[in-house]
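So the chains spell out like this:
There are 2 protein chains.
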Amino acid sequence: MRNNPYPLLLTPGPLTTAPETRAAMQRDFGSRDEAFIALTRRVRERLTTLARGADSHVSVPLQGSGTYAVEATLGTLLDRSRKTLVLVNGAYGKRIERLCRLIGAPTTIYETAEDVPPDPAELGQRLRADPSVADVILVHCETTSGILNPLESIASVVAAEGRGLIVDAMSSFGAIPIDLRRTPIDALIASSNKCLEAVPGLGFAVIRRARLEASAGKCHSLSLDLHAQWQGFETNGQWRFTPPTHVLAALDAALDGLDREGGVAGRFARYRENCQILIRGLGSLGARALLPETLQAPIIVTFRMPSDTAFQFEKFYAALGQRGYLIYPGKLTGVDSFRVGCIGHVHAADMAGFVDAARDVMRTLRIKSLAP
Amino acid sequence: MRNNPYPLLLTPGPLTTAPETRAAMQRDFGSRDEAFIALTRRVRERLTTLARGADSHVSVPLQGSGTYAVEATLGTLLDRSRKTLVLVNGAYGKRIERLCRLIGAPTTIYETAEDVPPDPAELGQRLRADPSVADVILVHCETTSGILNPLESIASVVAAEGRGLIVDAMSSFGAIPIDLRRTPIDALIASSNKCLEAVPGLGFAVIRRARLEASAGKCHSLSLDLHAQWQGFETNGQWRFTPPTHVLAALDAALDGLDREGGVAGRFARYRENCQILIRGLGSLGARALLPETLQAPIIVTFRMPSDTAFQFEKFYAALGQRGYLIYPGKLTGVDSFRVGCIGHVHAADMAGFVDAARDVMRTLRIKSLAP
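Going line by line, the protein sequences match chains A and B. Position 232 (the first sequence) corresponds to 232 in the numbering used here; numbering is contiguous. Start counting at 1 in the second sequence, then tack on 1000, and there's your number in the numbering used here.
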C-alpha cells in the first residue's frame, strides 16, 4: 500500500504531478495583467527552446486538450487544395485522418500494423509517386501500442521530397529528444499533461514561423485558429480568450522541474528506468509486452492479455487501485491487451512498488501467471 | 494594502477564488477512473439542477474557455438552412454574430446601443416579419458595459413566436436566477470561472435534451461537437478527450461554496452589496457609472472616464495594483471608460478596502476627482 492519500497514476496522462506543480495553482492571476502576460511569454519561450526551435519556430499554446491542439494545427496549416498524407499505425493516427477529412483536406494514408513503424523508403516512393501531397503527418509515439515511430528518418525523407511535416508529439515531447535545428518539422504538437508533467487543460504547437505567417484566415474554427491566437500573443502578449491561468502556472512550475532533472535527457533516463523495472518486473510474473524493446518508447507499455482464466481485467484493475496504483483502463489495440504507463512524477521505487502490488494482487485473486 | 501575497481581482474573470476551491486542485485524478467518472457525473447534475433544468435539459461541459462553449453550442445546434437572429448590444453579441457567419449560419442582427437593452416588442415584430428565423441568441449580461438584458421577457416573446432561444449566460449564471422550468431556453452557455467562482478552463452548455438529440453530425469541429461530447458522457461517463481534471475538481468545490452561501440568491445578494459599495464609494470620489441602476447587473461596472487631466488610466491601474487591487485593464465600450468587477471570492470589506485604495491613489497621483 502506498503512503499517499491518492493513487499513483500509471497511465498515458493525466499523470501524477509533483507537489511544486500543484502548488503553483494556489495563485489566481488576472488574465490581462502584466504578471500573467510575463508568465505567458516565459512559457512560450521555454517551449520553443525545449524543441531547439528558437531561431525558426514560435510556440502557440491553446486552451483545451491535446486533440484540440491537433485539430487547431491541421485547421490552421493544411492546404485544402493539395493532399495530406497521414502515417497511421494506431488510434491517434486514425483520429488525425478523420480530422483531416472533417476540415476538408484531401487525405491519403499510409497504414502499417500497430506494431510496425512506417518504412521511410516506402514513404519516399509514395511521395515521389504523388506530387500532390503537400504535407505528411506523423504520430511520434503512438499511445495505442506505445510504439516509437522513426521521426528523424521520416523527417529526412519528407524534407528530401520537399514536403511539409507535422508531428503529433503528444506522448513524447519533453522525454524524447526532438531538435528542430536538425530535424525539419513544420509543426510539433503536444500538451501540458504528458511528459512535461503538468496538469491537463493546455495544448500547444511549435510552428515554423514562416509557415504560420502564411496561414491567416484558413481555420474552420474561431477558437482553434492558431494564426489568430499567435497574432494575439504578438500584439499585446495576451490570450484572445480566457486562458486557464492556473494550468499555465502549473506548466511553468513543471518546466522548472524538468530543468532540475537535467532536461529531456534526465527525464528520458528516469522514464527508461521506470519502463525497464516495469517490463522486467511484470515479466518475472509472466507478462509479455506487445512490442520488442527496439520499438518500445519508455512512455506506456502494452502487455498481451494473460491467458490464466483467473485473470479478469476489471478485478485486476480494481485490486491494484485499492493498493494505490491506477493503471490504464482503456484498450485501443487490435490485440487483446492491457496498458501500464511509466511517466509522470513517478520514480524507480514507485515502479518497484507497483510490481510488488501486482504480485500481491495475483496472490489474492489466485492468478498463477500473467503469461499470455 | 491588502494582507495577502496576491492582488484581489476586480475583473469579469478569471476571478479571485476561495481557498477551498484551489485546494481541490491538489489531487491528480485518473481521467478514466471511477472516481473521476463520479466527479463528472456529479458536476453535470449540479449544473443542470442549478438552472432548474433537471427534467428537460442536460449539461455538457467542454474543455476550453467560455468562447469555446459558445462556438461549440452554435456549431452543434444551429440549423444552417434557416436564419439566426442575434441580439447585439456589445462586444460579446458581435462575437456571436461573427461565429454564426463563420460556421455558415445565415444571420441577421437586432442591434441596440451599448446602454440600451433590446425591446421585446420590437423583437416580436421582427420575428413575425421574418418566419425564416429559427433561433434567437441573447447575451444575458453583456460584460462590455455590464448591462443586464431582459431575459424573461425576451424568452416569452421568442417562445410565443415558436422560435428557439440560445442564451450566453457567461457572466450571469450562478449569480442571477435563471429557471428553465419557467423560462423557455434551448441552450444556456456559461463557464467555470465567472459567477460560479471556480478556475478557468471549462465551459459548458445546459441544453434541452430533445434539441441536442436531434443535433448529431452538424458541428464544424470534432473537438467542439457537443452532441458527440454528450454521447461520450452518456455512453461510459467519460470525456472523449483529456479533461482538465483539476479544473473540474475545483468547480465541484466551488459549487459547494455556492451551496454554503445559499445558492444563487445568496450569491446575488453578496454581489449586489459589492456593487453598491463600489458605485457609492467611487461615486463619493466623483465617478459616474455608465448605466442607470435599473440596467446595471451586479457583475461589472463601467465608469465614464474621469476628465481630471491628472487621471491617466495606466498609472491609476498600476497604483491600485501596488495596493493589492487589480481592476480590468480592457476597454470594450464605445465611450471612453474603465471597468471594475464586483464578483469572485470578494466581500463587502474587500470592496470598501478598494474604495479606500482608490482614494489613496488619487491623493498620490494628485487626482482631484473621478468625475467625467
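Hints were generated in silico from the structure; no laboratory data involved. Hints are supplied without guarantee of correctness; some may be wrong.
Calculated lysine-lysine pairs in the DSS-like style (CA-CA distance at most 30 angstroms, straight line) [stated by the list, open to error]: (1) A:K315 <-> A:K368; (2) A:K218 <-> B:K1315; (3) B:K1368 <-> A:K218; (4) A:K218 <-> B:K1218.
Cβ pair distances, simulated, as ranges [to be verified]: (5) A:D259 <-> B:R1260: 36 to 44 angstroms; (6) A:R101 <-> B:R1128: 51 to 59 angstroms; (7) A:K315 <-> B:R1041: 21 to 29 angstroms; (8) B:R1260 <-> A:P5: 19 to 27 angstroms; (9) A:T108 <-> B:A1038: 38 to 46 angstroms; (10) A:A23 <-> B:S1081: 50 to 58 angstroms; (11) B:A1035 <-> A:A269: 26 to 34 angstroms.
All figures in this text were calculated on a predicted structure; none of them were measured in a lab. Just so it is clear, CB atoms sit at the ideal spot from N, CA and C, and this is done for glycine as well.
Numbers of unmet hints, in rising order: 2, 3 and 6
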